[in-house]
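Student: Dock chains B and C against the given chain A, drawing on the hints supplied.
Sequence lines, in order, name chains A, B and C.
Here the first sequence is numbered in my numbering, starting from 1 and rising by one per residue.
Here the second sequence is numbered in my numbering, starting from 1 and rising by one per residue.
Here the third sequence is numbered in my numbering, starting from 1 and rising by one per residue.
Quick caveat, the hints were computed from the structure, so don't treat them as lab data.
It is possible that some hints are incorrect.
Below 27 Å or equal to it, Euclidean Cα-Cα: the simulated DSSO-like pairs (lysine-lysine) are [unchecked claim]:
{"#": "1", "chain 1": "B", "residue 1": "Lys91", "chain 2": "C", "residue 2": "Lys232"}
{"#": "2", "chain 1": "B", "residue 1": "Lys240", "chain 2": "B", "residue 2": "Lys217"}
{"#": "3", "chain 1": "B", "residue 1": "Lys109", "chain 2": "C", "residue 2": "Lys232"}
The following residues of chain B were derived to be distant from chain C, with all beta-carbon distances above 10 Å [claimed, not checked]:
{"#": "4", "residue": "Gly19"}
{"#": "5", "residue": "Asn42"}
{"#": "6", "residue": "Gly43"}
{"#": "7", "residue": "Asp76"}
{"#": "8", "residue": "Glu96"}
{"#": "9", "residue": "Asn97"}
{"#": "10", "residue": "Gln98"}
{"#": "11", "residue": "Lys105"}
{"#": "12", "residue": "Gly113"}
{"#": "13", "residue": "Thr117"}
{"#": "14", "residue": "Ala187"}
{"#": "15", "residue": "Asp190"}
{"#": "16", "residue": "Asp207"}
{"#": "17", "residue": "Arg212"}
{"#": "18", "residue": "Leu227"}
Glycine is no exception: its CB is placed at the ideal position from the N, C-alpha and C atoms.
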Amino acid sequence: MLALTLLCAVFAGTVQAQSADDDLRARLNALASGGFDETQRQIDAIAATGDPRAAPALEALSEGDLYFRQSDTAVFIVRKEGSGYRLQDPLTLEDTGTAGRREVKKIRVNNRLRRAIRTALGTLTLRAPDPAARIEAADAIFKAQDVDSIEPLDAALAAETDTDVARHMREARAAAVLASDRPTQDKLEAIATIAARGDRDARSLLTGISNGPDTALHEAANAAIAKVERVQGLWDTARNIWFGLSLGSVLLLAAIGLAITFGVMGVINMAHGEMVMLGAYTTFVVQSLFRTAAPEYFDYSLIVALPAAFLVAGLVGIAIERGIIRFLHDRPLETLLATWGVSLILQQSVRTIFGPTNQEVGNPSFMSGAFEIGQLTITYNRLWIVVFALVVFTVLLVAMKATRFGLYVRAVTQNRRMSASMGIRTPLVDALTFGLGSGIAGIAGVALSQIDNVSPNLGQSYIIDSFMVVVFGGVGNLWGTLLGAFTLGIANKFLEPVAGAVLAKILVLVFIILFIQKRPRGLFALKGRAVDA
Amino acid sequence: MAKAENLLYLDGVSVSFDGFKALNNLSFLIGRNEMRAIIGPNGAGKTTMMDVITGKTRPDEGTLRFDGKIDLTAHDEAEIAGFGIGRKFQKPTVFENQSVRDNLKLALKAPRGPFATLFHRDDAAQRARIDELLATIRLRDRETDLAGDLSHGQKQWLEIGMLLAQDPELLLIDEPAAGMTDAETAATADLLREIARTHSVVVVEHDMTFVRALGVKVTVLHEGSVLAEGSLDHVSSDQKVIDVYLGR
Amino acid sequence: MTLRFLSGGLTGGRIVMLALLVAAAILVPVLNLALPESHPLHVPTYAVTLMGKYLTYALLALALDLVWGYCGILSLGHAAFFALGGYAMGMYLMRQIGTRGVYGDPVLPDFMVFLNWQELPWYWYGFDAFPFAMLIALAAPGLLAFIFGWFAFRSRVTGVYLSIITQAMTYALLLAFFRNDMGFGGNNGLTDFKDILGFDIQSDATRAGLFAASALALAGGLVIAVAITASKLGKVLIAVRDAESRTRFLGYRVEHYKLFVWTVSAMMAGLAGALYVPQVGIINPGEFAPANSIEAVIWVAVGGRGTLVGPIIGAVLVNFAKSWFTAALPEFWLFALGGLFVFVTLFLPKGIVGLAKSAVQRLRRMREPQTPGRETKTPREMAAARPSEQAAE
Numbered sequence: 001m002l003a004l005t006l007l008c009a010v011f012a013g014t015v016q017a018q019s020a021d022d023d024l025r026a027r028l029n030a031l032a033s034g035g036f037d038e039t040q041r042q043i044d045a046i047a048a049t050g051d052p053r054a055a056p057a058l059e060a061l062s063e064g065d066l067y068f069r070q071s072d073t074a075v076f077i078v079r080k081e082g083s084g085y086r087l088q089d090p091l092t093l094e095d096t097g098t099a100g101r102r103e104v105k106k107i108r109v110n111n112r113l114r115r116a117i118r119t120a121l122g123t124l125t126l127r128a129p130d131p132a133a134r135i136e137a138a139d140a141i142f143k144a145q146d147v148d149s150i151e152p153l154d155a156a157l158a159a160e161t162d163t164d165v166a167r168h169m170r171e172a173r174a175a176a177v178l179a180s181d182r183p184t185q186d187k188l189e190a191i192a193t194i195a196a197r198g199d200r201d202a203r204s205l206l207t208g209i210s211n212g213p214d215t216a217l218h219e220a221a222n223a224a225i226a227k228v229e230r231v232q233g234l235w236d237t238a239r240n241i242w243f244g245l246s247l248g249s250v251l252l253l254a255a256i257g258l259a260i261t262f263g264v265m266g267v268i269n270m271a272h273g274e275m276v277m278l279g280a281y282t283t284f285v286v287q288s289l290f291r292t293a294a295p296e297y298f299d300y301s302l303i304v305a306l307p308a309a310f311l312v313a314g315l316v317g318i319a320i321e322r323g324i325i326r327f328l329h330d331r332p333l334e335t336l337l338a339t340w341g342v343s344l345i346l347q348q349s350v351r352t353i354f355g356p357t358n359q360e361v362g363n364p365s366f367m368s369g370a371f372e373i374g375q376l377t378i379t380y381n382r383l384w385i386v387v388f389a390l391v392v393f394t395v396l397l398v399a400m401k402a403t404r405f406g407l408y409v410r411a412v413t414q415n416r417r418m419s420a421s422m423g424i425r426t427p428l429v430d431a432l433t434f435g436l437g438s439g440i441a442g443i444a445g446v447a448l449s450q451i452d453n454v455s456p457n458l459g460q461s462y463i464i465d466s467f468m469v470v471v472f473g474g475v476g477n478l479w480g481t482l483l484g485a486f487t488l489g490i491a492n493k494f495l496e497p498v499a500g501a502v503l504a505k506i507l508v509l510v511f512i513i514l515f516i517q518k519r520p521r522g523l524f525a526l527k528g529r530a531v532d533a
Numbered sequence: 001m002a003k004a005e006n007l008l009y010l011d012g013v014s015v016s017f018d019g020f021k022a023l024n025n026l027s028f029l030i031g032r033n034e035m036r037a038i039i040g041p042n043g044a045g046k047t048t049m050m051d052v053i054t055g056k057t058r059p060d061e062g063t064l065r066f067d068g069k070i071d072l073t074a075h076d077e078a079e080i081a082g083f084g085i086g087r088k089f090q091k092p093t094v095f096e097n098q099s100v101r102d103n104l105k106l107a108l109k110a111p112r113g114p115f116a117t118l119f120h121r122d123d124a125a126q127r128a129r130i131d132e133l134l135a136t137i138r139l140r141d142r143e144t145d146l147a148g149d150l151s152h153g154q155k156q157w158l159e160i161g162m163l164l165a166q167d168p169e170l171l172l173i174d175e176p177a178a179g180m181t182d183a184e185t186a187a188t189a190d191l192l193r194e195i196a197r198t199h200s201v202v203v204v205e206h207d208m209t210f211v212r213a214l215g216v217k218v219t220v221l222h223e224g225s226v227l228a229e230g231s232l233d234h235v236s237s238d239q240k241v242i243d244v245y246l247g248r
Numbered sequence: 001m002t003l004r005f006l007s008g009g010l011t012g013g014r015i016v017m018l019a020l021l022v023a024a025a026i027l028v029p030v031l032n033l034a035l036p037e038s039h040p041l042h043v044p045t046y047a048v049t050l051m052g053k054y055l056t057y058a059l060l061a062l063a064l065d066l067v068w069g070y071c072g073i074l075s076l077g078h079a080a081f082f083a084l085g086g087y088a089m090g091m092y093l094m095r096q097i098g099t100r101g102v103y104g105d106p107v108l109p110d111f112m113v114f115l116n117w118q119e120l121p122w123y124w125y126g127f128d129a130f131p132f133a134m135l136i137a138l139a140a141p142g143l144l145a146f147i148f149g150w151f152a153f154r155s156r157v158t159g160v161y162l163s164i165i166t167q168a169m170t171y172a173l174l175l176a177f178f179r180n181d182m183g184f185g186g187n188n189g190l191t192d193f194k195d196i197l198g199f200d201i202q203s204d205a206t207r208a209g210l211f212a213a214s215a216l217a218l219a220g221g222l223v224i225a226v227a228i229t230a231s232k233l234g235k236v237l238i239a240v241r242d243a244e245s246r247t248r249f250l251g252y253r254v255e256h257y258k259l260f261v262w263t264v265s266a267m268m269a270g271l272a273g274a275l276y277v278p279q280v281g282i283i284n285p286g287e288f289a290p291a292n293s294i295e296a297v298i299w300v301a302v303g304g305r306g307t308l309v310g311p312i313i314g315a316v317l318v319n320f321a322k323s324w325f326t327a328a329l330p331e332f333w334l335f336a337l338g339g340l341f342v343f344v345t346l347f348l349p350k351g352i353v354g355l356a357k358s359a360v361q362r363l364r365r366m367r368e369p370q371t372p373g374r375e376t377k378t379p380r381e382m383a384a385a386r387p388s389e390q391a392a393e
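For reference, chain A alone in the conformation it holds in the complex:
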């Protein structure tokens, strides 16, 4: 029983489609007969079907490529071929053979018909099955302010079920209304609709109205412009915050390892930037291996690069600690110099091995592209880096709170001597902390390779900013680093539009220099007698 019903439904559907097909074909064929008036009627009728499959035929008609066969008045889209024509079915666009010059005849059009065709086409694309195509059609009308499209838009709107598409259509209609000679009341409504859209296009459209001849509209337009500007101000703020978060997450990745080593050992690793650079080059090497060995798995290259970079940078870090820094215990200033020397050697090594030029590091597919929230374009690579930075931060936070190693690190940060006398092996903690800090710098390098040039100087461009984050955020508290990184990132991005990129950076540096007057040990400083000298 059920099967039978289903069968009937399918059959009915097919029949319906079949009849719609025949109907449209009949209307197309009808274009072949009658005068211009008759043709116009047919065009309007075709438009009224709202069937987008009619679009190619109408376009061909407008271009003068629509012919009918003398023998049976069947209509074809034709292309000149030799002395004859090649025929194409107007609906299915299938090749249906050739015809001699005498066998087919062009359907003539005049300018009035061409205009009718254009309107009909707009109507048809407004009814396209793909919502994106409908939005595109509406936006095209919006930009062109096509007065003739008002009625098709009304018709399309009546049939539209997708609210997003409907909004685009209403905006397109409003734009068209503003260009038309409709009554002022309609135009005022249109202005309201456009103001609600609130982007740059809306603004320029409204500016045009506010300069136009109709004084009644000026006030409304100006008010609308103010509203649009307010909306845009909000979006600009959102954009600055987003870019700031993006920069902040990069700074967080670069600085957090530095903050840990500074907190535990009281030394600043000047080669920290080079650990980032090593991480980026590890990514490059891993990707090169993927490209040659398994190009189809290229998207997974970063997943391999992360632990690889952590290991490479971490091991180099441990080597630096064991080889140099432990001998400079209690001489933090000399450690600055020695690690600077290491950074020069690492830079030059990489330059010697890989050459001084930028290396090509690819984005896997999930990190390419972008999406939009309102007027805000968010690229996937930036988004993933923000997410990644927060994940790294959280993991580190948990590791510091919940693991024995974290406990040791916190203990040594607060009071090294006491920790040592309680049996914590501080040299081991030092080495592992340095390895951890460097390893995190390494994975920061993986992230940075996705948005920046991979060159031997990569580390240098982030190191001073990372220092500033550490100085600003204070040591011994990961939250300070988080807050410091995002504050500096966002501050930078808010200053940039006002002062320019370079001046913004200078202002931030000056701000930090002044800030540490008030809080010499950063936002979150350890207090008490233990912190001295």
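Tutor: Leaving out everything else, chains B and C in the frame of chain A:
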């Protein structure tokens, strides 16, 4: 109060570090030319008290007056030293890379500004005073040696010498007898009693023999406030004090 | 007047260094100008200029040593003061070009004409006068140091923090001077100088004169440094370096002392920069690069910090090595420099001069074993060689 009777006045002084109360409503007085011994278990707040008096740590609340009128909470270490409060640290802190004589020269009462020191020239009186101090602290024959080459006890003495060179009204002395031989300890006690004739002295000490040798009024600190005050015999028979020292 | 201060500080090595500098100031120009090129003792002009450049670096190193070696302030931004002095000199030299520039504007330097500026910015006024330019070459770095130091030392920013902040300072200036609208020639800086005090800047005699000026400036700097470090102020500085907190409890306003020596040092660095620019013929924002400042630190470390003679030797040696490497094995220079940083901090903390000193002392002790420690005639020199990290508690 023209010339205040009490040289140092602490009232309701509290300091906390991240929630830990190092000093809790601490109040006491030090009279002019009085020597006072401060004792108390570890963490009682002895060093923090010195930090507060010398301007290293700012109290969260409370009154701190020196010589009746000077509000110590409003000044930094250098100014407070200038008012006449000298401090000797628990761990002997001398300028190890400079000679014994230079250490005393740096401490010697004289104008402290950079230009004053740039154009400074030793005069005979100053040289004589340094010689005198060298004799007092028994380091005459080591005057050109680096302070860092001295023994632990000698460093303690040098630091006391530096304190004397400053000629302060109030001396704060943190564990002067630590790491000294018995003979040195006795000599130190003698020296402090000598000093106390003309100065006010606050001595923080763990060594009860030393405190007994000083023979002065004792203040017992516990958890940042005063637990007991009086002669050593008096406080050591106090049940609270016994509990604090032995009970935990 | 000065001699009185010097009495305690003029030890053997320093006297020799002063004599050498004065002798060089006289002899090198003579050997360059008076002898024919074929003469075996003739000093070619390029060598005169190269040595003159080294001497300005030595003055920068000396200035750095004054704050690092004697007061424990590791500045990673001293190149900023050097460059500011250099820019002051550069501005004077630009104004001297006059109508000989590419655009032939009598007042505006070429880069301003190129940027379509109509008139000279106010801060360029007065730089056509040499004395004014020299005043600014000292005052600009001095003022910057004073303001920076006043903030930093008052709030007791010390150690690694201070070093990082000085680096940020020079980095901020680097970025600022790269900007065209700062009015200092942007990326390209100031160059194409023609003459100084009316003398052709390219001529042998001017070059020899600049060398002599550099040697004498270095000698003067050395005398000032000796006077400062030998005074009681010098002893306070060492006290600050070794036990800052203790010094405070003695009643010294540590921030004032730091500010004094910091500002003097910055002015000395500014003078070095002013002498450097006419010899190399260009000043650009690259001089502010943090790497330059750190490189200057290693000159001091190699020679021996806290020794006054050491930084001079270190600056000349390292830069000589740099010249040699960049000509012979350019790709190895950074390896060598990086290795030098590591080697010196690990194995040569006292530097060359410090090493020599302790060797001499060991010899003397061997000869007179009965009086150990008595031979340390200049404790502060020893001091610098082994700084101890003395906490005040």
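Student: Look at each hint and say if it fits the structure.
Tutor: Each hint tested on the structure:
1. Of the supplied pair hints, the one linking Lys91 (chain B) and Lys232 (chain C) holds, its CA atoms being roughly 25 Å apart against a limit of 27 Å.
2. Taking the CA atoms of Lys240 (chain B) and Lys217 (chain B), the gap is near 17 Å; set against the 27 Å cutoff, the hint holds.
3. A C-alpha spacing of about 13 Å is found between Lys109 (chain B) and Lys232 (chain C), which places the hinted pair at or below 27 Å, so the restraint holds.
4. Here Gly19 (chain B) stays apart from chain C, with its beta-carbon at least about 22 Å from theirs, past the 10 Å limit.
5. Taking the minimum C-beta to C-beta distance to chain C, about 15 Å, the non-interface status of Asn42 (chain B) holds against the 10 Å cut.
6. Look at Gly43 (chain B): its CB is around 15 Å from the nearest CB on chain C, clear of 10 Å, so calling it non-interface holds up.
7. The claim that Asp76 (chain B) lies off the interface is violated: its Cβ sits roughly 8 Å from the closest Cβ of chain C, which falls inside the 10 Å cut-off.
8. Look at Glu96 (chain B): its CB is around 5 Å from the nearest CB on chain C, not clear of 10 Å, so calling it non-interface is violated.
9. Against the 10 Å criterion, Asn97 (chain B) falls within the reach of chain C, whose nearest CB is about 3 Å from its own CB.
10. Consistency note on Gln98 (chain B): stated as away from chain C, yet its beta-carbon is not over 10 Å from all of that chain's, at 5 Å minimum.
11. For Lys105 (chain B), the condition that its CB be more than 10 Å from all CB atoms of chain C is violated, with the nearest at approximately 7 Å.
12. Annotated as non-interface, Gly113 (chain B) brings its C-beta within 10 Å of a C-beta of chain C; the closest such distance is 7 Å.
13. For Thr117 (chain B), the requirement that its beta carbon stay farther than 10 Å from each beta carbon of chain C is not met, with the minimum near 4 Å.
14. With a minimum CB-CB distance of about 24 Å to chain C, Ala187 (chain B) clears the 10 Å threshold, and the non-interface call stands.
15. Every CB of chain C is more than 10 Å from the CB of Asp190 (chain B) (nearest about 25 Å), matching its label as outside the interface.
16. Residue-level check passed: Asp207 (chain B) sits 19 Å from the nearest beta carbon of chain C, beyond 10 Å.
17. The claim that Arg212 (chain B) is not at the interface with chain C holds, since no C-beta of that chain comes within 10 Å of its own (minimum 27 Å).
18. No Cβ of chain C comes within 10 Å of the Cβ of Leu227 (chain B); the nearest lies about 24 Å off, and the non-interface call holds.
Hint check: violations occur at hints 7, 8, 9, 10, 11, 12 and 13; the rest are consistent with the structure.
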